[in-house]
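> Same order as they appear, the protein sequences are chains A and B. Every letter in the first sequence is one number past the one before it in full-length UniProt numbering, and letter 176, counting from 1, is 176. Every letter in the second sequence is one number past the one before it in full-length UniProt numbering, and letter 163, counting from 1, is 163.
One or more hints might be untrue.
[Stated by the list, open to error] Using C-beta positions, here's what the derived DEER-type ranges look like: (1) A:136 to B:296: 32 to 42 Å; (2) A:135 to B:471: 24 to 34 Å; (3) A:60 to B:174: 23 to 33 Å; (4) A:476 to B:68: 42 to 52 Å; (5) B:296 to A:483: 45 to 55 Å; (6) B:92 to A:483: 25 to 35 Å; (7) A:309 to B:68: 34 to 44 Å; (8) B:296 to A:303: 50 to 60 Å; (9) B:229 to A:311: 53 to 63 Å; (10) A:225 to B:246: 53 to 63 Å; (11) B:246 to A:244: 31 to 41 Å; (12) B:247 to A:244: 35 to 45 Å.
Source of the hints: derived by calculation from the structure; they are not laboratory data. Using N, Cα and C, we set each Cβ at its ideal position, and we do this for glycine too.
There are 2 protein chains.
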Amino acid sequence: MDALDEAHCNGELEIGLKLGFSELGLEDESETAAIEEAVKVLLQSLGEDSTREGLRKTPLRVAKALREGTRGYRQRVKDIVQGALFPEAGLDSGVGHAGGAGGLVVVRDLDLFSYCECCLLPFQVQCHVGYVPSGKQVVGLSKLSRVADVFAKRLQDPQRLANEVCVALQNVIKPAGVAVFLQSWHIPFPEVEESCLGLISHPSKMDMQGWVKVSVCSGSGVFDNKNGDVWGDFLALLKFRGVNVEKNFIHSSSTHFWCPSRSLDAPTCNGHVSTKNVSNGRISSKTGPAYPAMITAVASILHSLGEDLLRKELVGTPNRFVQWLMKFNRSNLEMKLNGFDSGRRDVLKPNLHRGTGNVDEIQSELNMPFWSQCEHHLLPFHGVVHIGYFHAEGAELIGRSILQSIVHFHGCKLQIQERLTKQIAETVSSVFSKDVMVVVEANHICMISRGIEKLRSSTATIAALGQFSTNPDAKATFLQTISNTTASGG
Amino acid sequence: MDALDEAHCNGELEIGLKLGFSELGLEDESETAAIEEAVKVLLQSLGEDSTREGLRKTPLRVAKALREGTRGYRQRVKDIVQGALFPEAGLDSGVGHAGGAGGLVVVRDLDLFSYCECCLLPFQVQCHVGYVPSGKQVVGLSKLSRVADVFAKRLQDPQRLANEVCVALQNVIKPAGVAVFLQSWHIPFPEVEESCLGLISHPSKMDMQGWVKVSVCSGSGVFDNKNGDVWGDFLALLKFRGVNVEKNFIHSSSTHFWCPSRSLDAPTCNGHVSTKNVSNGRISSKTGPAYPAMITAVASILHSLGEDLLRKELVGTPNRFVQWLMKFNRSNLEMKLNGFDSGRRDVLKPNLHRGTGNVDEIQSELNMPFWSQCEHHLLPFHGVVHIGYFHAEGAELIGRSILQSIVHFHGCKLQIQERLTKQIAETVSSVFSKDVMVVVEANHICMISRGIEKLRSSTATIAALGQFSTNPDAKATFLQTISNTTASGG
Chain A
1 MDALDEAHCN GELEIGLKLG FSELGLEDES ETAAIEEAVK VLLQSLGEDS TREGLRKTPL
61 RVAKALREGT RGYRQRVKDI VQGALFPEAG LDSGVGHAGG AGGLVVVRDL DLFSYCECCL
121 LPFQVQCHVG YVPSGKQVVG LSKLSRVADV FAKRLQDPQR LANEVCVALQ NVIKPAGVAV
181 FLQSWHIPFP EVEESCLGLI SHPSKMDMQG WVKVSVCSGS GVFDNKNGDV WGDFLALLKF
241 RGVNVEKNFI HSSSTHFWCP SRSLDAPTCN GHVSTKNVSN GRISSKTGPA YPAMITAVAS
301 ILHSLGEDLL RKELVGTPNR FVQWLMKFNR SNLEMKLNGF DSGRRDVLKP NLHRGTGNVD
361 EIQSELNMPF WSQCEHHLLP FHGVVHIGYF HAEGAELIGR SILQSIVHFH GCKLQIQERL
421 TKQIAETVSS VFSKDVMVVV EANHICMISR GIEKLRSSTA TIAALGQFST NPDAKATFLQ
481 TISNTTASGG
Chain B
1 MDALDEAHCN GELEIGLKLG FSELGLEDES ETAAIEEAVK VLLQSLGEDS TREGLRKTPL
61 RVAKALREGT RGYRQRVKDI VQGALFPEAG LDSGVGHAGG AGGLVVVRDL DLFSYCECCL
121 LPFQVQCHVG YVPSGKQVVG LSKLSRVADV FAKRLQDPQR LANEVCVALQ NVIKPAGVAV
181 FLQSWHIPFP EVEESCLGLI SHPSKMDMQG WVKVSVCSGS GVFDNKNGDV WGDFLALLKF
241 RGVNVEKNFI HSSSTHFWCP SRSLDAPTCN GHVSTKNVSN GRISSKTGPA YPAMITAVAS
301 ILHSLGEDLL RKELVGTPNR FVQWLMKFNR SNLEMKLNGF DSGRRDVLKP NLHRGTGNVD
361 EIQSELNMPF WSQCEHHLLP FHGVVHIGYF HAEGAELIGR SILQSIVHFH GCKLQIQERL
421 TKQIAETVSS VFSKDVMVVV EANHICMISR GIEKLRSSTA TIAALGQFST NPDAKATFLQ
481 TISNTTASGG
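If we strip away everything but chain A, and leave its shape as in the complex, we get (with noise of 0.2 Å):
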């Protein structure tokens, strides 16, 4: 709720369009061959042979979702309302308020996407918008949605994004007052070090549990008195719909270093937001001189996003994107885990369970959480896995803390949810028990924040090993048991 800058936003409007009219197709073809450049050398840094089949098209898919992804800069606000605006009678002053003159519309649970500007990984926003209209016209409702999303599809901050909304609105409308109630939510910067060690608690469920979230709110015209009453109505008409905001969040909201990167800049200031999942700054202090090249990559990408890199929020974003991007980087990993096949007793658990080699037999191990990073797409994919396996008589069961390690090695690196799910199982089967099977369930952000935006989809794969291949009572009772647990907790 600061206050909001016209100028600002009127500068905002004229980048629009100027790029709106800059923006030929030869210039954006240039651009995306640009963004694909960066994108080799970052996939050469990790390690990666950027001419095999699943990465050979990774920079282009890249560099397509980034642009289209920041489209909002090549759009204009007056394009998308004009021929939007309607005329619509209102009440005579001293009657009341209604329809074109007084009576507030409020578009509920619009769902969008941005990319955060501290990391330029997406972040999802639930939007709510509302305004009162004056001067006897109302606007189509579809057209806050879309003016809403122009500003989302850049490199945001959920503050800024609240604020340019809310003063585009006001701008282009014209209407007594515009509020604007965001909910985001950032992915949390996943502690794969920590976890293969098992230290920390990942969210368990496929849900944003674990995610950062932050609400923010920005209003104009009648809602720039945070005491007025129209704010009231505009929270009420929220709250019908679940949404609770409490009145005097309004005047103390702040989403300083909402993003989990931030923390990576100077271990001691983690600003205003709960530090729960953001990283200790480990990697940060050997990232800055070790990865030259990748910053620099990531860098032009901003440079070909048509972003300022001096503009402040956006110096330490290179650096930012690298460290994410380098905590996929399975190098690391493999001296930790390098100890799978020795057999560590102390990830043994007893077996509490000795079975005859019926499907009585199958142990379980389920809804153990990983992230990943998708090879087509350089976007994080996360869920959970479900691991059953025959035991030996009288052999002891696999530590969920080993099996939990194994699906963090092979999450830490490039790779799709298919090869994940089947790595485990070979990893279990030619380790611990040649019977097992792997189920992987998983939220993929190439699904929901490009193109498609397939907000509720999710993936599941399964891997089956011996008798989970050949035997299907095995298999259906194990996925029984999946299903006992999770169904309808998703």
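Place chain B on chain A using the hints.
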């Protein structure tokens, strides 16, 4: 689960091919213009002035939306999947099933929208797609969604949609098998005439209660055998997400006449679906000869979309769509409702809460359902209306049925939500109580099925007259009353 007609699907792919090549800008422009002309005829036949500001661009909007909503005719599955088939190792035969050979992959909860071929209204689809990779290759996950969308963006029936998605994926990926499970929801045809008399039970919430729902599935390859274990695996993975399907369902699914408009064809022929939400055919009997210009206009729209008017599923579609539109023609209603200001005593309730002019005197009627038709897009919007009013001391209360009649009276025409809210408030104010407040909460099909596809979005509008516009406490009290009753129920 009818046998899949591969020849038919190849035909579909060829249609896509042909249109893909012939789809030049000019042709597109002439098709759009033809639809615009037809929509103008419909507007005029509804007694509307198609040149008034709110409707001036409606023909263009409708034409664009219909072209966009049937873009699948002009898309080729091969173009979409090309370049997204990735080599991926499987396991040796005998060891098990995983990755690119035998490891089941399921993408769940894809939200799609399609147009019902029976009545030309959009219907909502929750789509689940699975396949078993073979030949050591997998397909990019988003392509499963994109291919499903190619067939959703046509005039469809749920079973045919499932079959076409299944066959197309089988042909283009050449996996061991493909399974498709769809849950579809169709808007009910509101019983406008009856509901004005308060006789029917309407969907009382904003969710899809009251909608016609069907589930269908389709399988190929290893999913051809409905008794195969792989169907069990697929359904188990859906169950993790709360989608419960009985395995014997896949032997018997059928969607004959799922569209509620089908019962309009012949009142005694209700097919296999529930008739709870379908009309009794009264309008039907007089529609046939009465609206030939409208029926011709809708037929020309189908033709402009590239459809074959002689295709048997489409023969009655123009007539059914006209009947739907005529439900929002208020002319019949005006006669029925002209008794508003005569103070019908049968609709007044005894006053159980006599008050003293304070806020306590507010009377509320909440969650009154309504249906209306968005004049910008000729698509329905629906939801609930909450009415609060002050009543004079000793006066009798306004009956819920008369308020519901007022709501329907103003809903049954081409509308916008802001105006509907104002008109309901004005009517109550002029007839019963000058101190009235109206809150309308609605889902707009145009917001969820068209371009922006904001599935969860909902719009709330307020009109406040008399004391409600001058006394913030009165307004806040009424909003709190709604909140207490509806919050978290949506």
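> Evaluate each hint against the coordinates.
Structure-based check of all given hints:
1. The given range of 32 to 42 Å is respected by residue 136 of chain A and residue 296 of chain B, whose C-beta atoms sit roughly 37 Å from each other.
2. In this structure the supplied range 24 to 34 Å holds for residue 135 of chain A paired with residue 471 of chain B, their Cβ-Cβ distance being about 25 Å.
3. For the pair residue 60 of chain A and residue 174 of chain B, the supplied restraint of 23 to 33 Å holds, since their beta-carbon distance comes to about 25 Å.
4. Between residue 476 of chain A and residue 68 of chain B the Cβ separation comes to about 43 Å, which falls inside the hinted range of 42 to 52 Å.
5. As the Cβ distance of residue 296 of chain B to residue 483 of chain A is approximately 54 Å, the hint placing it in 45 to 55 Å holds.
6. Take residue 92 of chain B and residue 483 of chain A: their Cβ atoms lie about 30 Å apart, and the range 25 to 35 Å holds.
7. In this structure the hint that residue 309 of chain A and residue 68 of chain B lie 34 to 44 Å apart at CB holds, the actual value being about 38 Å.
8. Separated by about 57 Å at the C-beta atoms, residue 296 of chain B and residue 303 of chain A satisfy the suggested range of 50 to 60 Å.
9. The hinted window of 53 to 63 Å between residue 229 of chain B and residue 311 of chain A holds, with their beta carbons roughly 57 Å apart.
10. Separation of residue 225 of chain A from residue 246 of chain B is about 57 Å and conforms to the stated range, judged on CB atoms against 53 to 63 Å.
11. At roughly 38 Å, the beta-carbon separation of residue 246 of chain B and residue 244 of chain A lies within the given 31 to 41 Å, and the hint holds.
12. For the pair residue 247 of chain B and residue 244 of chain A, the supplied restraint of 35 to 45 Å holds, since their beta-carbon distance comes to about 41 Å.
In this structure, none of the earlier numbered hints is contradicted; all agree with it.
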